[in-house]
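S.K.: No gaps in the numbering here: position 525 of the sequence shown is 1701 in our numbering, and each next residue is one more.
Heads up, some of the hints might be wrong.
Claimed, not checked - With a cut-off of at most 30 Å between alpha-carbon atoms, the simulated DSSO-like pairs for lysine-lysine come out as follows:
#1 Lys1234 / Lys1319
#2 Lys1586 / Lys1598
#3 Lys1680 / Lys1633
#4 Lys1598 / Lys1234
#5 Lys1680 / Lys1592
#6 Lys1556 / Lys1592
#7 Lys1366 / Lys1319
#8 Lys1556 / Lys1633
#9 Lys1633 / Lys1598
#10 Lys1586 / Lys1633
#11 Lys1633 / Lys1592
#12 Lys1234 / Lys1366
#13 Lys1556 / Lys1680
Bear in mind the hints are in silico, worked out from the structure with no lab data behind them.
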Amino acid sequence: METSRNPPSCACCGPLNEIAVRESDPDSAMCSYNQINGVWACEHPIMNEDLKDRIGFKGYVMSDFGAVHSTADALNAGLDQELNRPIWFTPERLDAALAAGDIDQEAIDAAAFRVVRAYLNVGLFDNPVPQPPITGVSTAEHKAVARELAEQSTVLLRNQGATLPLDGAPTVAIIGPTASMTATGTVSAKTACAANGFRGNAVLNCDALVDPLTAITERVTADGGTVVFDNGADLTQAAEAAASADVAVVFGHLGMGEFADITDLNLDHGGDALIQAVAGAADRTVVVLNSGTAVVMPWLEDVDAVLQAWYGGEQFGPALAGILFGDVNPSGKLPMSFPRSLADIPTSTPEQYPGIFADGTTERTVTGEIRQVNYTEGLKVGYRWYESEGIDPLFAFGHGLSYTSFEYSKVNVTPKNSDGSKALRVSFRLTNTGDVAGTEVAQVYVELPSAADLPSKRLVGWERVTLQPGEHRNVTVELTPEQLRERHLLDVWDTATGGWVTPKGTVSFVVGGASDSVSAAASLTLR
């Protein structure tokens, strides 16, 4: 990001960086490969001016591998360490730059100080060097944590006719390669366990994974039912398996990770066609998705239920079985909006993705030339894009269903006038209006004055609340003066001054279960 010429990154991502630095006190940060408005990230003055001086980062800045392109420009901008086998930060190049007057000893000392201080912080100069004991993680306690994480992060996207939870169906068809540890080609349950790692280095191998086929089979057979499995390699056979069962649970996946960038939002290995074939044959169809991001769903209206399970980790199978059969009531919420198609998001032109060269094409004709990506969406990032453009997403940021229902009422905010010096308290009543216990992640959004030059709505707080059937609770989300100031919750980025300002006027606080489902509001005046 750049403070003066690139306000979108300051307004959207800047507060996140500030929270990370001020609340976790990291020892290091990394500059990336790209250029920012024509300046290499590892030569960009934002490292000194914004990260270190304005935010107060005390650690050191290191480069990504091969991301350094100079000695003096990088050091003077705030780069402290070149990652691995230095090319530009060698003694010879530093001496030459010092002799030429391009850098001074103070800059070298400052960089060395930051690096050494971080090493001291973690004990690398202790004698002896600390050797934390390596303990096994395949304990009952660790497995319980892994299962809870998978359960709480799974998002129920669709549940037509209360298809879920399953009520002891005598025959369940499990379809798709990621349901089983037995690989179909290169795909198995391990594919859905974790994102791809960096060339085998520090990769979760998922050997301890309990796959969905095993966990669901144990549950169904214990109730006297039957499971049929098909790996989905043959669409006709998959459809036959689906037709033979009372309900079909079909798995789709999208792989991504280091050196595995995605180029579209379609499921891998014909997953969309598999789901369509199963839905056309089954009485009831439940889709389980494993991906690290949004996917498009051309088959959505033909299926009964959809669970977004992400990469579920080693307890993916037991966690999924618990949700499918109602032992666990899903409470996950989407951390991103899901578009209906690629055309609905601001990467639908070559200028936006993958970027263009100087001649306006996407093919390199000049050796060493790099693409330029124009982020034309400006401040309209995430759910702000859809709302500002009037686009209805497939599923909105914050969306996530439950096996029960919730009602929001009696919203209030105090005080009614604010200059940011005192805490703001947004209170509301949340009621479980369904028949089973459930957990809701209640979300609080602020709608800033329309005169502000940015999308008006932004998430400012949330509260996770568990309620029994018929129970209600009065919930208060407090925004402290420190949060208002440091997270810029009510501020907008002013390009003219290169800083944050608080707009004046009426501000509305809205609450609900998703960014597109806010059902109650209260207002105050900023002065």
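S.K.: Work down the list of hints and note, for each, if the structure agrees.
M.R.: Status of each hint after checking the structure:
1. Lys1234 / Lys1319: violated, 36 Å
2. Lys1586 / Lys1598: Roughly 22 Å separates the two Cα atoms, so the pair holds.
3. Lys1680 / Lys1633: Roughly 16 Å between the alpha carbons, so the hint for Lys1680 and Lys1633 holds.
4. Lys1598 / Lys1234: holds, 29 Å
5. Lys1680 / Lys1592: With Cα atoms ~13 Å apart, Lys1680 and Lys1592 stay inside 30 Å; holds.
6. Lys1556 / Lys1592: This hinted pair holds, its Cα atoms lying about 29 Å apart.
7. Lys1366 / Lys1319: holds, 17 Å
8. Lys1556 / Lys1633: Given pair Lys1556, Lys1633 holds - Cα atoms ~10 Å apart, limit 30 Å.
9. Lys1633 / Lys1598: Holds - the C-alpha atoms of Lys1598 and Lys1633 are around 22 Å apart, at most 30 Å.
10. Lys1586 / Lys1633: holds, 20 Å
11. Lys1633 / Lys1592: Judged against 30 Å, a Cα distance of about 19 Å means the pair holds.
12. Lys1234 / Lys1366: Violated. Lys1234 to Lys1366 sits at ~39 Å, over the 30 Å cutoff.
13. Lys1556 / Lys1680: Holds, because 21 Å separates the two Cα atoms, which is no more than 30 Å.
Of the numbered hints given earlier, the model fails hints 1 and 12; all others are met.
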